[in-house]
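J.: Throw the hints in and build the complete structure from the sequences for me.
Respectively, the protein sequence lines represent chains A and B. In my numbering, each number is its position in the first sequence, counted from 1, plus 216. In my numbering, each number is its position in the second sequence, counted from 1, plus 405.
Treat the hints as calculated values from the structure; they're not laboratory data. Just to be clear, a hint being listed does not mean it is correct.
Claimed, not checked - Derived lysine-lysine pairs resembling DSSO-like cross-links, with alpha carbons at most 30 Å apart: (1) A:Lys490 with B:Lys899; (2) B:Lys845 with B:Lys809; (3) B:Lys851 with A:Lys487; (4) B:Lys706 with B:Lys851; (5) A:Lys490 with B:Lys851; (6) B:Lys845 with B:Lys899; (7) A:Lys454 with A:Lys487; (8) B:Lys902 with B:Lys708; (9) B:Lys899 with B:Lys708.
Unchecked claim - Here chain B is said to cover these stretches of chain A; the calculated rule only asks that three of the stretch's residues, wherever they fall, bring their Cβ under 8 Å from a Cβ of chain B: (10) 492-504; (11) 547-560.
Said to hold, decoys possible - Calculated Cβ distances over 12 Å to all of chain A for the following chain B residues: (12) Arg424; (13) Pro473; (14) Pro666; (15) Pro677; (16) Arg747; (17) Leu897.
Beta carbons: idealized from backbone N, C-alpha and C, even for Gly.
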Amino acid sequence: MARVHVSFARAPMQSRHACRMSELIELRPEGLYCAAGDFYIDPWRPVARAVITHGHADHARAGSERYHAARAGIGLLEWRLPGANLCPLDYGESVRMGACQVSLHPAGHVLGSAQVRVECAGEVWVVSGDYKRAPDPTCAAFEPQRCDVFITEATFAMPIYRWPTMVEVIAELDAFWTECQAQGETAVLLCYALGKAQRVLAELYAQCPHRRDEVVLLHGAMETPVDIYRRAGIHMLKSESLIGSGVESTVGRLLIAPPSAAGSPFMRRVKNPKVAFASGWMQVRGVRRRASHDRGFVISDHADWPALIGSIRDSGATRVLATHGRTQALVRYLNEQGIRASALATELGGEDT
Amino acid sequence: MKVFAELYFALGETRALGRKRELLVDYFRVAAPADAAYAVYFLRGGRLRQLYQRQELLDALLEASALPLWLIEDSYAEVGDLAETLTLLAPEADGASGGQNLAQLVEHDLLPLKSMDAAARRRALIALWRRHGRHERLLLNKLITGGLRIGVGDGLLHQALARALEVPLSCIAERLLGEFVPTAAAYLRLAAPADADTTHTPLPFYLASALADADVQATLAALGDWRIEWKLDGIRAQLIRHAGGVRLFSRGEEWLDGRFPEIEAAALALPPGSTLDGEIVALDGRGSVAPFSALQRRIGKRKPGAKLLAEIPVALIAFDLLRGGEMDLREQPLRERVDALRALVEPLGTTSLRMMPGLHAADHAELATRREEARAHGYEGLMLKLLAGPYRSGRVRGEWYKWKLAPRSVDAVLIYAGAGHGKRASLHSDYTLALWSGDKLVPVAKAYSGLSNAELTILDRWIRAHTLERFGPVRVVEPLQVFEIAFEGVNLSKRHKSGVAVRFPRILRWRSDKTARDADQLDTLLAMAR
Chain A
217 MARVHVSFAR APMQSRHACR MSELIELRPE GLYCAAGDFY IDPWRPVARA
267 VITHGHADHA RAGSERYHAA RAGIGLLEWR LPGANLCPLD YGESVRMGAC
317 QVSLHPAGHV LGSAQVRVEC AGEVWVVSGD YKRAPDPTCA AFEPQRCDVF
367 ITEATFAMPI YRWPTMVEVI AELDAFWTEC QAQGETAVLL CYALGKAQRV
417 LAELYAQCPH RRDEVVLLHG AMETPVDIYR RAGIHMLKSE SLIGSGVEST
467 VGRLLIAPPS AAGSPFMRRV KNPKVAFASG WMQVRGVRRR ASHDRGFVIS
517 DHADWPALIG SIRDSGATRV LATHGRTQAL VRYLNEQGIR ASALATELGG
567 EDT
Chain B
406 MKVFAELYFA LGETRALGRK RELLVDYFRV AAPADAAYAV YFLRGGRLRQ
456 LYQRQELLDA LLEASALPLW LIEDSYAEVG DLAETLTLLA PEADGASGGQ
506 NLAQLVEHDL LPLKSMDAAA RRRALIALWR RHGRHERLLL NKLITGGLRI
556 GVGDGLLHQA LARALEVPLS CIAERLLGEF VPTAAAYLRL AAPADADTTH
606 TPLPFYLASA LADADVQATL AALGDWRIEW KLDGIRAQLI RHAGGVRLFS
656 RGEEWLDGRF PEIEAAALAL PPGSTLDGEI VALDGRGSVA PFSALQRRIG
706 KRKPGAKLLA EIPVALIAFD LLRGGEMDLR EQPLRERVDA LRALVEPLGT
756 TSLRMMPGLH AADHAELATR REEARAHGYE GLMLKLLAGP YRSGRVRGEW
806 YKWKLAPRSV DAVLIYAGAG HGKRASLHSD YTLALWSGDK LVPVAKAYSG
856 LSNAELTILD RWIRAHTLER FGPVRVVEPL QVFEIAFEGV NLSKRHKSGV
906 AVRFPRILRW RSDKTARDAD QLDTLLAMAR
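T.: Shown next, in the form of structure tokens:
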């Protein structure tokens, strides 16, 4: 399949020359492309060589010939891209690709998530992938990289998105669970299956020692990623599958399920469900109400506004390219602050938060 | 203030009335009177006099957030609420939490703002933002930008206060009539024990039990011992004539003050110390009972205008006397209560307050005939009351029965299905059903229940597989499934596309033996309507 697109790519020599003339990383129909190194970052069409920032479906797509990714995230990619040719890289390990030195650095988004640092002839570009700055017990913390050009995500690039601390949110979630137990209800938490579910389980483990004997119920979509996180040595509350475990009553238990489970036949197995949704979008009251769940918890694995602005400053970049999300406001704001910024129209951002 | 801020936040997060009531009760059980007084004031929609112009709020936010104006405006557009935008954009609290209570916040921080100059006011607002965490800041900004505007109606608030303060609901409703000045003293008056003089508070209603056709013979063996009345389709109400005037209460102990002025005016002629039980109905041009749909237009109007009063007059059809001459008559036999009631009501000579007639039936066959006559009048059936019985409270079987008309039914086609709520959130259990008008299907009823769980599950699967179109939670399905729907009555209606409104529709059974073409015509239903 990759061969279909070969005609788009320039020959390596030509492209190295071209890169000095134009952009080190540019937007191609297949995705973000580095001509000097002849590789793509998170391509949405099959290519010869892909560098993957993390395992979410909109970033790690099947069909490419070779994938380079952070070693910590290889387990997830083996699950997401069965049979793919995966080349693990340690964080900070630099490899040569064409005329470039390429290295991966923690992005703090999910297990094994990485920023991609590309250096070519003294110029440094960093592609952030998805990232956050808040502490997360399930993955290595974001490490700022100095660069000339920073390609950043912009999912929540509005100043109204400023996350509460996880200490606050987990206390609210714990209280919600306790309330459900008192009322004879099942506490259902809807959240993204890869990353957020494990983060919640790990935060509950760390912050709520009184919950250590609880066994959290999981929707089928959660089981494999939870297993992968456990194998990676992440401490989380115990869990079991709702379907497989022969659970008689879900009352008083915490059940974690993907958002698509809401209103699906799956929910019939749940007795007296009280449904909460964990997402950055829950920050706005109107959105919480329209979502019409019983509760909304503000939990996001993306950078909030202060983290976006702070990370851009930390990078020292004089130019910023914004991908998926609210790029418009961010681009205008940065330009007004004296940082050259523009938007890149990628096909990323399929994941809810 | 933190406690009230948490209450306000929690109220905003739920749509379940029961849950809202619980939250309110929990709050009022423990709140200090001075704070509770402001809580009552704000929850009833009370607001502070405007403290800031909109521009002043934006200026303060510009200064505090260091964001450009356009970004604040974009944020406002995304959030859609000024108070919440201020909450989300103002800098985080610096940890030194306010710690004061609601009354202190209002009296020490907010009210004095009015007398400050513009610069001092702005500094004060920014300082307030810095002092308060997320939920408190939202409450603060709501108070500053107007009211709480929250889905707590007077009824809900009254119920919660009655429960928390252990004061009868009618007392709370009465004490909250008119303006409420938020002071601790006013709240303590609200919380004071019910007055010893209870002659103007309603008594618990006695509710009739349903009588099945099969039980009529046995239950009413000695028919002469029973008083027979029409079962009217209106609002059950208690009318209290006390020394100070007249009160009308519905069965939910909701005070119907002002809604039915003609009844209140007529009742002024009753001697004080009388409490009547009866049914409020609308009247047609000839003074007969009009369909419930006419009464519905009056129920919604708290202060009906002259035009509506003339167009749809109402009456209380009285059938029992619970207090007379300041005496509690409830232990007296019905026979005597009815005689005393007749002596009070008949001399009034008004159409707005009348006596419920007693009906006669020599035997059970004639009783069945009477019941059938109810249909022609548009009544719901018959009431049967033991003449020797007392007036009890609640639904106690044995002395008051309702023998309703057999429900009517049509076969209708399922056209839309929506997800249910609560336990049925994952099932499509809300159905819209239609009848044929020519070759078009016209929706006539929404029905929620009547299917077994097994049928619900099968139908849900069928609905998911036969969806033509989706509008949010509602699916348009292939018009193939036929259901027999039963209903209590049919009224002509201008508000419904079909021209009829059915009362209490429910699914009787799934007619899987019928095809959509076998379903009934709209004309069939129109012919039943009155």
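J.: Does each hint hold? Answer for all of them.
T.: Here's how the hints hold up against the structure:
Of the supplied pair hints, the one linking A:Lys490 and B:Lys899 is violated, its CA atoms being roughly 40 Å apart against a limit of 30 Å. The suggested pairing of B:Lys845 with B:Lys809 is violated, with an alpha-carbon distance near 34 Å, which exceeds 30 Å. Distance restraint check for B:Lys851 and A:Lys487: the Cα-Cα separation of roughly 26 Å lies within the 30 Å cut-off, and the hinted pair is therefore satisfied. In summary, the hint linking B:Lys706 to B:Lys851 is supported, as the alpha carbons are separated by about 25 Å, within the 30 Å threshold.
For the suggested pair A:Lys490 and B:Lys851, the alpha carbons sit about 26 Å apart, so the restraint of at most 30 Å is met. Pair hint B:Lys845 plus B:Lys899 holds up; C-alpha atoms about 19 Å apart against a cutoff of 30 Å. Using a Cα cut-off of 30 Å, the hinted pair A:Lys454 and A:Lys487 holds, with the two alpha carbons roughly 21 Å apart. Under the criterion of a C-alpha separation no larger than 30 Å, the hint pairing B:Lys902 with B:Lys708 is consistent with the structure, at around 29 Å.
A distance of roughly 23 Å separates the Cα atoms of B:Lys899 and B:Lys708; the hinted pair therefore holds under the 30 Å criterion. Judged by the Cβ-Cβ criterion of 8 Å, the segment 492-504 of chain A is covered by chain B as claimed, because 5 of its residues qualify and three suffice. A stretch counts as covered by a chain when three or more of its residues have a beta carbon under 8 Å from one of that chain; for the segment 547-560 of chain A and chain B the count is 3, and the coverage holds. With a cut of 12 Å on Cβ distances, B:Arg424 falls inside the contact zone with chain A, its closest approach being about 9 Å.
Annotated as non-interface, B:Pro473 brings its C-beta within 12 Å of a C-beta of chain A; the closest such distance is 6 Å. Every C-beta of chain A lies more than 12 Å from that of B:Pro666, the closest at about 38 Å, which supports listing it as non-interface. Every Cβ of chain A is farther than 12 Å from the Cβ of B:Pro677; the closest lies at roughly 47 Å, confirming the non-interface assignment. With a least CB separation of 51 Å from chain A, B:Arg747 remains clear of the 12 Å interface cut-off, as annotated.
Its beta-carbon lying about 35 Å from the closest one in chain A, B:Leu897 satisfies the requirement of being farther than 12 Å from that chain.
Of the numbered hints given earlier, the model fails hints 1, 2, 12, 13; all others are met.
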